[in-house]
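Chemist: Sequence:
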Amino acid sequence: MPGQTLLGALLVTLLVLSADGASIALGGVHSCALSFAVTNSTMKCWGQNSKGELGDGTTFNRRTPGVVSGITTATSIALGGHHSCALLTDGTIQCWGQNSLGDLGDGTTTNRLSPPWRCQASRRRQASLWVATTRVPC
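Okay, so the sequence shown: first residue is -8 according to this note's numbering, each after it adds one.
Read the hints as simulated data drawn from the structure, not as lab findings.
Treat the hints with care, since some could be wrong.
Ranges of calculated distance between the beta carbons of each label pair, as one might list FRET restraints [as the list claims (entries may be wrong)]:
hint	residue 1	residue 2	range
1	S91	F27	30 to 38 Å
2	I15	G98	27 to 35 Å
3	G61	T99	18 to 26 Å
4	T100	T30	31 to 39 Å
5	S91	G48	14 to 22 Å
In this text, a Cβ means the ideal position worked out from N, Cα and C, and glycines have one as well.
Work out the full structure, taking the sequences as your base and the hints as a guide.
Modeler: Below is the structure:
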């Protein structure tokens, strides 16, 4: 049953997260969790990965959470249909995944398999990112 799959994925995620704090975000075809620790944070994603939305440098689907490459200072996360974003402690936003309509805000339409690109966003723009993540406001 679909509900059992989602519940199983959430239970697996909760087991992987640290006790310091956590945040979970759901996208159109994938899910991510952010665990907070005193010195760093870890973002893990699972689900469909046809556009690189899991941020692990591949396009292989994952049934269990896998670490997103290079995300260690995220304070919050947001997911779109086929892309993912993280707001970092320095105020920048990193996004990866589908970019066919300029979803990532990097001025291209190239899909990104991992989070290499940063956008410096104003506070107003950051707030709009977390409200609606269909396009990155950079």
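Chemist: Checking against the hints above, which ones are violated?
Modeler: none
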